[in-house]
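**Q** What follows is each chain in one-letter form.
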Amino acid sequence: MSIEDIFQSILQLKRGEIADLVQAEIDAKTDVGVILEQGLINAMGEVGNQFTEGKLFVPEMLRAAETMKIGLEVLRPLLVEADIKPRGTVVIGTVAGDLHDIGKNLVGMMLEGAGFTVVDLGVDVAAKAFLDAAGEHQAELVAMSALLTTTMPVMADCIGRFKEANMNSRILIGGAPVNQDFAIKISADGYSSDAPGAVELAKKLVPAQ
Amino acid sequence: MRVQCQILSEDEKQRIHTESLKILEQIGVKFLSQRALKIMKDNGAKVDDDTGIAKISAEMVEQALKTAPKSFVLGGRDPARNVELPRPTAGYVLDLGGVFTRDFKTGERRYATLQDNNDAMRVFDEMALSSVVWPHSMAEGDTPNSNAIRLVLNSFMYSSLHVQDEFSEPEEVPYIYEAMAAILGSEDAVKQRKLYSVTYCTLAPLVHEGGMCDAYLDMIEFEAPILIYPMPCTGSTGPCSLFSNIAMGNAEALSSLVLFQMAHPGTPLIFGDASGSTDFASGGFLEGSPEMVLMTAALGEMARFYGLPNTQQGCQTDSKEPGPQAVMEKLVTTLPLVLSGADLVQGPGCLETSGCLCLEQIVIDEEIGGLCKRIRDGIDFSAAKNLYDDVAQIGPSGHFLMQDSTLEACRSDEFYAPKLFDRHTFERWSELGRPDTYSKARERVEEILATPQKNPLPDDVIGKLEEIMRKADEELN
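Residue numbers (the numbering used here), protein chains in the order written: chain Z, 1 to 209; chain R, 1001 to 1477.
These are computed hints drawn from the structure, not numbers from a lab.
Note that this is a predicted model, so its numbers are computed, not measured.
Please note that the accuracy of each hint is not assured.
Calculated lysine-lysine pairs in the BS3-like style (CA-CA distance at most 25 angstroms, straight line) [to be verified]: (1) Z:Lys55 x R:Lys1320; (2) R:Lys1055 x R:Lys1013; (3) R:Lys1105 x R:Lys1070; (4) R:Lys1070 x R:Lys1046; (5) Z:Lys185 x R:Lys1320; (6) Z:Lys69 x Z:Lys55.
Please model the entire structure based on the sequences and the hints provided.
**A** What follows is the structure in structure tokens.
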């Protein structure tokens, strides 16, 4: 048993094995921070790289993220005990009027894999709900998506409200009708056309401590 | 005989139907509209008020199939461009569902404007196989809440074809009907001529949206045709097999059929499909894939199984640029639909998975449609085409170029004359500046836009439409 086995179980999508592997490392008194960083988060980093290179497909990436999460759940009580905090918190949702959530779900799962705590508000989320959740969870990031052209202005409205409320959360946007120019125009802090890009942006905006 | 391609066997159609009924009866469909849910409940569906899920029986589907019209006419603004459904050969629907345009002068991709919509209408109007137009989507502007109305009314001004659109708010309905009454001269004529129809997309898997559903239930009183257009994406918003994705899409379509027939028996419905496949490398929705067209062609066959007119997604590409990928994908996603007998193919004009208008592509797609029609028309075995006497007359050696039959046939439909392909010798092609297909398409677009619009609306009607748009801008923004 080793950290490498944990790392490999994620890359090989072995969700049935990871809990035992993590537990074995805990039993062997391996530092929980090391298990988290070198076993779980590094594996998801590699998954992200392979996905970006086109070597991994989305269903494989999602299974890897699910495997990682199973391992993380075993570790979580010890992380709390050791006061090891997540990289950051992201509040995520599709904006009011938009029910199309497949891209949002993808981004959410990949952010979790990268060590963020993700608060998923679901679909059709009003600006106030984004604001309240960001405040409640002290979210470093808010990620909003829109698929419909009619819901694009809602993003600008949300950002306006965050500024009015002097919230510090940085805001990422995504979705088929959105682009970098639009992001700049509505003063979003970042835009990505795909999920790995969104994770890279999130990492840039919330550096590891 | 006409060339026929069959995607589903009779047994496979029955299996899809049975699976769809099982989905409707045992899993059910979620309605976010309370009005829709009440209609389903009043007509015998088992409704769970907490979840909004209605379980629909086979009897309800049978009843809806009885009242849905089997044929009707989509009125063109110019009656000569009326579209009778079903059709013997595929017609085409201009796809301006995306929000981007490839700028005709610079080639840059940018957000679309009203002028782009109007230019596309004018170019598509000149294409022989064009039947229906979808107005462009516009992301921005000073009047976001009345954009859709501006786009529809401008489409009436710049196109002589039937206009089909999707809208999400009941507030938009009266303006569009007032405009049609202005064009046609009376409110009665609006119901009769049916210049306008709407596209109803369910939200896969198995959900009916709220606002859009309410808007269409308002509009149904005007007897406007509705294109039922599920878009399940196999592997993401739909199950990851073509068989089950087709069955689920068909279940969504049948649930829409039940809703609109129960709300207003006799509502003209087009039983369409815009399924997609997943790009597993990115999670994206693919429209240019062979799997996409296998599914939409299969659901076209299901429409005929039910005896309903259909529109199928096709002539599509996921290419970001005009060029070989666009042409290959569009050809491969058009031919099966044409050969299997789709009434209308929705797709011409767009690149980038319906995301980006390209004016030259409208002309290229017209050529693809022409080529596919030629294959569909097949080989004429009529007595007039048996030229045994010519063979006997010429005999061994010699040629047939001087025969009357050759003179007569050389400009007939039996020999397709492409408008864009180059068939010169290498030398002549070089002398002409080595034109390619897209450069010829550009010339055609330039020519159309440089000439005055054919068949414009009278000035007084345009004045009325502009007044309606101003009113909508004021009242909705």
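**Q** Looking back at the hints listed earlier, which ones does the structure fail to meet?
**A** Going through the list in order, the structure violates hints 3, 4 and respects the others.
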